[in-house]
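Colleague: Residue strings, one per chain:
Protein chains: 4
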Amino acid sequence: MIKVGVVGGTGYTGVELLRLLALHPGVQLSVITSRSEAGSKVADLFPNLRGYVDLEFSAPDLSVLGACELVFFATPNGIAMEMAGELLDRGVKLIDLAADFRLQDPQLWQQWYGMEHACPDRLATAVYGLPEMNREAIAGAQLVANPGCYPTAVQLGFLPLLEAGCIDASTLIADCKSGVSGAGRTASIGTLLAEASESFKAYAVPGHRHLPEIRQGLERVTGAAVGLTFVPHLTPMIRGIHATLYAQLEDPGVDLQALLEERYRQEPFVDVLPAGSHPETRTVKGANHCRIAVHRAPDSATVVVLSVIDNLVKGAAGQAIQNMNIMFGFDERDGLHAIGLIP
Amino acid sequence: MIKVGVVGGTGYTGVELLRLLALHPGVQLSVITSRSEAGSKVADLFPNLRGYVDLEFSAPDLSVLGACELVFFATPNGIAMEMAGELLDRGVKLIDLAADFRLQDPQLWQQWYGMEHACPDRLATAVYGLPEMNREAIAGAQLVANPGCYPTAVQLGFLPLLEAGCIDASTLIADCKSGVSGAGRTASIGTLLAEASESFKAYAVPGHRHLPEIRQGLERVTGAAVGLTFVPHLTPMIRGIHATLYAQLEDPGVDLQALLEERYRQEPFVDVLPAGSHPETRTVKGANHCRIAVHRAPDSATVVVLSVIDNLVKGAAGQAIQNMNIMFGFDERDGLHAIGLIP
Amino acid sequence: MIKVGVVGGTGYTGVELLRLLALHPGVQLSVITSRSEAGSKVADLFPNLRGYVDLEFSAPDLSVLGACELVFFATPNGIAMEMAGELLDRGVKLIDLAADFRLQDPQLWQQWYGMEHACPDRLATAVYGLPEMNREAIAGAQLVANPGCYPTAVQLGFLPLLEAGCIDASTLIADCKSGVSGAGRTASIGTLLAEASESFKAYAVPGHRHLPEIRQGLERVTGAAVGLTFVPHLTPMIRGIHATLYAQLEDPGVDLQALLEERYRQEPFVDVLPAGSHPETRTVKGANHCRIAVHRAPDSATVVVLSVIDNLVKGAAGQAIQNMNIMFGFDERDGLHAIGLIP
Amino acid sequence: MIKVGVVGGTGYTGVELLRLLALHPGVQLSVITSRSEAGSKVADLFPNLRGYVDLEFSAPDLSVLGACELVFFATPNGIAMEMAGELLDRGVKLIDLAADFRLQDPQLWQQWYGMEHACPDRLATAVYGLPEMNREAIAGAQLVANPGCYPTAVQLGFLPLLEAGCIDASTLIADCKSGVSGAGRTASIGTLLAEASESFKAYAVPGHRHLPEIRQGLERVTGAAVGLTFVPHLTPMIRGIHATLYAQLEDPGVDLQALLEERYRQEPFVDVLPAGSHPETRTVKGANHCRIAVHRAPDSATVVVLSVIDNLVKGAAGQAIQNMNIMFGFDERDGLHAIGLIP
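Residue numbers (our numbering), protein chains in the order written: chain A, 22 to 364; chain B, 22 to 364; chain C, 22 to 364; chain D, 22 to 364.
So that you can see chain A by itself, here it is in the shape it has in the complex:
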């Protein structure tokens, strides 16, 4: 049993983390912090946790957090980088579910996130927590940057093709659709049910923060610049991301289905569907799986990859647990056995 703390437990990634940690066999949940809710019971805010989580929210306190073996940050961008240094110095392991340690280049971070990076010296030691790409480094990491939701779905879809070098890396397109929980548990008009239900729209076409993150990850594979058009869309559902990926095939002879199946054969959470399939996001609702299918567009050299995840699980809290399992030598599936909720 390891002692675990969660900083910022009032958002959707926070409550999802608590839901998963509460049933994890190797974890003792020690502290959950929230400045705004300090003193109130976690289960009063999230009644689904009644009977499972008995803690109260407390104000963040470095000495209490410092007594944990692992601290998750489920905070807005810019918080973890302020607190990370001291906790790392005390030997605590950290998994940041926000973006603070995702980009290796602090200039790039500042450009996209609009603030100076508070601990650029730690960026070099931060490990990007996509296990299917980085498992060994994660196992030895003290600081893990948990990937964004879109970047998880998109990278898992493109990786095998880029590794095989069979597509043109300069004209990639990622047309992504997300449920509204991706916008967070924040009062805003745009994500009210009366606004976002029965409607569909693209957003951030001129530039989204996940674009540099995805590009960085893909360029790690190609070793060269990647050209990527990324268009996110808001979908009238709570959970789920569907990435529809387009690439131009350069090697027409490649067996795409075999390529993907081979690449992910050993992966516990990536499921390549049979040829001709169309994954539905609901098959991973509440589950840590990524389901993928690959197609050739008719009469064309275009490869179409369909990749679905639950943005709050494999796209956030579940992947964080998976990283924790790797970092602490647990079975990678521990606490992540849930099956997607159908219907």
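Please keep in mind that the hints were generated in silico from the structure rather than gathered at the bench. One or more hints might be untrue.
Copies of the same chain look alike in the list, so a pair counts if it works inside one copy or between any two.
[What the hints assert, rightly or not] Derived lysine to any residue pairs resembling SDA-like cross-links, with alpha carbons at most 25 Å apart:
(1) Lys62 / Pro227
(2) Lys24 / Asp276
(3) Lys24 / His358
(4) Lys62 / Thr146
Chain A is already provided as a structure; the job is to place chains B, C and D on it using the hints.
Modeller: Chains B, C and D only, in chain A's frame:
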């Protein structure tokens, strides 16, 4: 490990049962029957089960089912009563998730279900599987009639008040709202997303099959005739039942909150919320809990009880697992640890 | 053509009013005020109005509003009562879509709305704008209090029965379900899609502001105290109210179907469905109709009335237009010809 | 007033056509046919039409239909081509909302629709009813093939760019998302609320019937082969199509915003949004508009066009009315004034 069979695994209670059984520590899932899908893989129909359930659907075969220690019927009404006799004679235990054994009176059954009962002699030995009312009898039963979804939510709400004798049992009202999964996985126009979404309606006001079932359960408590108006409504969501129950208080001095809390203190799956609460169905989405709150209407002798369940879990498959756990001496919570999915 | 102003055009009743007024043959929309959006184009905030409404929001200005023949208040509670006096003195007619003039008793208003009434002397001249109850008074009114959404659905359902004196007025129950647009276009966590979708809950059981309004309306009919239990619920859809009304029948011989049909035969916007029907809210989506059905509960003296409206149309902006039509001698249907949107 | 008939009034395009025709100032609705519903009142099937449409469904009868000046076919594919010849010979004008006359090449039709074309000789006279492309021909046509929903949204988005010759026509991508009403009012499991809600998926990636229709339309502009990848997706909402279109810009200097604005300046139903906009499908819910925005993807030569319509209005029944207005010399906006329903 007990060997378990499922007859009729293609509906929503079927797939929910499989989802729960696949992770139950004491169960070996041996056979899943479906005439229409015989020969195809269960996980092809329900891709969320990929990696968890490797079985194929097979045509129902009494010798195969007879080798199980427990068989669940997740079939349409009228199937279990045809097959039950032979399986019971072979010593198999049965839990019927349909209505075949819910009503003790075969005449009443015929009146509401429109067919003659095929094995009226078994009705006397069938135990009504509402653990909070009938735990001891369930423990010793060979044949359990799993309650309907509305009857579960309604009976759990009215039981403490009727047991305490503090309300008028002749003017009860149950205004119930159900998600559309209650209508089953059946091609029909009325429950298409384009029909049932963005709309709300009552149905079956002239008479619904769950009315006699609820009345029978409540009259077991009162020992006298119960007057009940039951109005079900279709709600544009997948899962969840919300029962809003109205009764006239006869003993104005009773502490309703204490009464409910006391009644359910020992129950693992009934959670009485603090005074003043309004339970949300999403707090039990995917979970086996019933959450209940009790109110006095302002300036009035009307008691208002709010009772929520997931119709597919506590209202069907989860309650069936709970009954199995009781019948076989498992911990009553085994396989039912899931926390409601928020958001 | 009359010159019309709208105070507070940024909420849902505001945009709905604009949508209807933009196509009304007898109206020239002159001014739309909003402090927060002053200077921006209405159609920038509500792109559905592009090509139909060319105005900008402006800060409220009594001299501009005073030049209108009619001003609608689509403001939060407490605004209209501050501005009404001066506009009335200038001879402008007013329709308030908020609650400021709904309750005749300023003490009762203060008790439920938590502020002192700013112009209690005007209450006596305010006419409650439910045309089916009050058409003649509306025709001659200078100040109309447009009814609340729940009160419209509930009163239209109970009215014929109370007028006929065939039910017990002391034990009425109104179990009401509303889409989330009833909560307004306001940033709040509780009505986010990720919170309110795929869930159902009651709220305000200890007391809702529409309770005294409904009671006042029904007591106008009975001339005596009415006992009413009112429980509102939040439903995962945008538009629509479904009121399920329960009453104890005192005259068992009454032909309920005939009673309702007769009562509403001349009403352009109340549609009594054939016996045995269950109205769906979607049949009135975007339309000014109220659809009603009446049932006897089986084996019981309970009358069940089902009444549906679109909360933003017959429950707010459409009814306001209907009142305007009556006040200015237009055809009562002008601008209100829209047919419910199915699917 | 022209006499109009509708063949096949029980589907979603049928009821939408009735909703629009019922309020059209120049139309007398004479006959609505349906074999399955013959003899029942239209308003019993679609209660939103109560008070607006008093007709009964009747079995199709060529002599009755032949007495109309215009007949709409809102039938499944393959019906109109059987009945068209006789009606055309009688001088009746026809608008087919199905696919029977959309493809000029009967071989191509047979390949995609799986049946031999019943009247290939009429194909040459059929006019493809996209007014923004074909207005003059429509005005003189006796037989109009109303475009598919996806083809409308996609062609309106690509047209200005292809006409200007500024993009590479060989690598077009159309990533399209549709509400479920596009699947029709047909009992099927896949579009049940419990299946299609809270989920998102692509479908028909290996080939969709709208692909050759779109290609034919675009090639009419380019005069050469067009390379198009078309991926449709099912979105959990009732109405709306969002097309996200990708093309490689060949002329980097072109002012895309000006190009689109100029192209559609005179069009009553195509609304080019200001630069930087993201159209929402709800802004056209129930309305005949297409709203379009154009973007340059960051750091890239990719043009992104966002195009939204209501699949049942501009994508079906509304466009059919627009074609009728053109064919009969009505104002093109007649019967199509409805404003999108927000919220």
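Colleague: Could you run down the list of hints and mark each one as holding or not?
Modeller: Against the structure, the hints come out as follows:
| no. | hint | result |
| --- | --- | --- |
| 1 | Lys62 / Pro227 | between (41 Å within a copy, 23 Å between copies) |
| 2 | Lys24 / Asp276 | neither (46 Å within a copy, 41 Å between copies) |
| 3 | Lys24 / His358 | both (21 Å within a copy, 21 Å between copies) |
| 4 | Lys62 / Thr146 | neither (36 Å within a copy, 46 Å between copies) |
When each numbered hint is compared with the structure, violations occur for hints 2, 4.
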